[in-house]
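Chemist: Residue-level listing of the chains:
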Amino acid sequence: MNEFQVIDSVMPDVPPASPERLAATRDRVLSGQALPPAVQPRRASSRWAGWWAWTGTALAAAAVVLVIGAVAALIPRADEQPAAVTPLRKLQVAAARLAATPEAKGRYWRQDSERVVRLKGDGYLVEERAVESLAFGPSQEVYSWHEPVSAKPYGEAARKAWKRAGSPRLCPARGCDPNLPAYPTTDLRRSLTLADGLEPTLTELRNLPDEPGALRARLLESYDPGRTPRREEWLERAAFSLVTRVPATPATRAAAYLLLAKVPGVTVLDRVPGDFGLRGIALQSLNGTQVVIDPATGELLGTQQLPPAQATIDPLTGKVLSVSRPPDGVPYAATIVTKAGWTDLRPVPPPGCRKCSARL
Amino acid sequence: MITAPGVFEAVFDAHFEEIRRYIGRRLDLDVAEDLAAETFLIAFRQRDRFDSALGEVRPWLYGIATNLIGRHRRAEVRRYRAMARSGPPPDDEGHDQRIVDRLTADVRADRLAGALARLSPGERDVVLLVAYGGLTYDEVAAALKIATGTVASRLSRARTKLREVTG
Numbered sequence: 172m173n174e175f176q177v178i179d180s181v182m183p184d185v186p187p188a189s190p191e192r193l194a195a196t197r198d199r200v201l202s203g204q205a206l207p208p209a210v211q212p213r214r215a216s217s218r219w220a221g222w223w224a225w226t227g228t229a230l231a232a233a234a235v236v237l238v239i240g241a242v243a244a245l246i247p248r249a250d251e252q253p254a255a256v257t258p259l260r261k262l263q264v265a266a267a268r269l270a271a272t273p274e275a276k277g278r279y280w281r282q283d284s285e286r287v288v289r290l291k292g293d294g295y296l297v298e299e300r301a302v303e304s305l306a307f308g309p310s311q312e313v314y315s316w317h318e319p320v321s322a323k324p325y326g327e328a329a330r331k332a333w334k335r336a337g338s339p340r341l342c343p344a345r346g347c348d349p350n351l352p353a354y355p356t357t358d359l360r361r362s363l364t365l366a367d368g369l370e371p372t373l374t375e376l377r378n379l380p381d382e383p384g385a386l387r388a389r390l391l392e393s394y395d396p397g398r399t400p401r402r403e404e405w406l407e408r409a410a411f412s413l414v415t416r417v418p419a420t421p422a423t424r425a426a427a428y429l430l431l432a433k434v435p436g437v438t439v440l441d442r443v444p445g446d447f448g449l450r451g452i453a454l455q456s457l458n459g460t461q462v463v464i465d466p467a468t469g470e471l472l473g474t475q476q477l478p479p480a481q482a483t484i485d486p487l488t489g490k491v492l493s494v495s496r497p498p499d500g501v502p503y504a505a506t507i508v509t510k511a512g513w514t515d516l517r518p519v520p521p522p523g524c525r526k527c528s529a530r531l
Numbered sequence: 189m190i191t192a193p194g195v196f197e198a199v200f201d202a203h204f205e206e207i208r209r210y211i212g213r214r215l216d217l218d219v220a221e222d223l224a225a226e227t228f229l230i231a232f233r234q235r236d237r238f239d240s241a242l243g244e245v246r247p248w249l250y251g252i253a254t255n256l257i258g259r260h261r262r263a264e265v266r267r268y269r270a271m272a273r274s275g276p277p278p279d280d281e282g283h284d285q286r287i288v289d290r291l292t293a294d295v296r297a298d299r300l301a302g303a304l305a306r307l308s309p310g311e312r313d314v315v316l317l318v319a320y321g322g323l324t325y326d327e328v329a330a331a332l333k334i335a336t337g338t339v340a341s342r343l344s345r346a347r348t349k350l351r352e353v354t355g
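If you read the protein sequences in the order shown, they are chains A and D.
When we follow this note's numbering, the leftmost residue of the first sequence carries the number 172, and every step to the right adds one.
When we follow this note's numbering, the leftmost residue of the second sequence carries the number 189, and every step to the right adds one.
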């Protein structure tokens, strides 16, 4: 770490602007309105200012002579170039913020999401929306359900094609199947399974390490090469589960972000494509999944799915040799977290939702 | 062109928060809020003069912001000296900061503030554009309208002074 990175890390930061203030400033600036007078520092009198200006000009002229001779010797070597504020650095700051976030108290941990998928059906694009919930209770209860909400043609071209086809009813949507209005999203008894062979109890999950290296070592204690040949892929799956769908502590989730960022083939992006409303830092996997994180809090905003990349991987070292991604890298599905955290309210599955709760 | 409809809005949305943060890390936040807005107001009024062929938008904005900070140099130095005496202010997301400290370096903010106060204004501008803005040497040169060699020499001198603190 060089001096500049130390300064950036150690010196106090500022909280983000409030949305109200930001909006007011934006309106004022974009309309070109003058600002109310800010606190102005005292200025030197015009007489002294003039003296300083002339003296400054003379000194600057003299300095130019000195500097010209020195420039060639002082041009930095390539390895001295300062590091930019990289997406990884932004991720590290977001992770530190998450690690420092105190958790709310509650008897149940619950995560509510909106699931959106855009698929080409009968010749036109259809957008399916559903709500999903996953919750864990104090007596080893687990709740999970997926409830379809709507299915509509997506975009003007799709809407015209759908009308030409006679405006057929699109499913799955609310009311499409009265016998199965909602169903569990997962095998409930395996809800805490993070990867093959890694099935912690809730207590073990809550006690996972909060430092990336230690977390990696603890997770790998459960790795069995006989079951999953590629260790890093297994590790990626475990870390992905930790950050997206279980009640790990904020510090463990923060460590899992940093662990994920080092998995071969995972890239950190600070510009997330698509129009699902996910705006943040993304950890992008080779399989096209993006984990999107709020840079201000480090909390998970959601995940979205792009077409998978084609990767060439060294079979001996597991190192990614090259990656090519389809040029139209537009996400076609997303899970947008609407609420996550601890609560005292017992989750209630929707009416008609069968096998949507169980015990671990 | 930055004068095209909607482009300046995009510039504001993309860069306002980082410029505000840069100023806010150098001056008190209430002053920083005003100066960040003033930076963009100046940029808005001068947007027809910005030539993208000659440089990027970020260094241009950082340059305007740094010039405005220049009007408050004494306040900035007073702030560092106060921090050096008493540690960082209480509203600085201190817990977050302590974790970053622990993760990254065994350097205390108060000692670093003292070292920043001892830099010359030119050295401090260059160092903080690199540290907080992540600008490259060329971008700093474009922001401050100085030669890249001058940037290098200021950084070299500043690094020597800072190493006493950063190790």
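None of these hints come from the bench; they were simulated from the model.
Check the hints yourself; a few may be wrong.
Stated by the list, open to error - Examples of chain D residues toward chain A, derived with CB under 10 Å: (1) Phe200; (2) Glu205; (3) Ala220; (4) Ala225; (5) Arg233; (6) Asp236; (7) Glu244; (8) Val245; (9) Ile252; (10) Ala305; (11) Pro309; (12) Val318; (13) Leu350.
Note that beta-carbon positions come from the ideal geometry of N, C-alpha and C, so glycine has one too.
Chemist: Indicate, hint by hint, whether the structure satisfies it.
Modeler: Structure-based check of all given hints:
no.: 1; hint: Phe200; in the structure: holds, 6 Å
no.: 2; hint: Glu205; in the structure: holds, 6 Å
no.: 3; hint: Ala220; in the structure: holds, 7 Å
no.: 4; hint: Ala225; in the structure: holds, 5 Å
no.: 5; hint: Arg233; in the structure: holds, 7 Å
no.: 6; hint: Asp236; in the structure: violated, 12 Å
no.: 7; hint: Glu244; in the structure: violated, 12 Å
no.: 8; hint: Val245; in the structure: violated, 15 Å
no.: 9; hint: Ile252; in the structure: violated, 12 Å
no.: 10; hint: Ala305; in the structure: violated, 12 Å
no.: 11; hint: Pro309; in the structure: violated, 12 Å
no.: 12; hint: Val318; in the structure: holds, 4 Å
no.: 13; hint: Leu350; in the structure: holds, 5 Å
In this structure, the earlier hints numbered 6, 7, 8, 9, 10 and 11 are contradicted, and the remaining ones agree with it.
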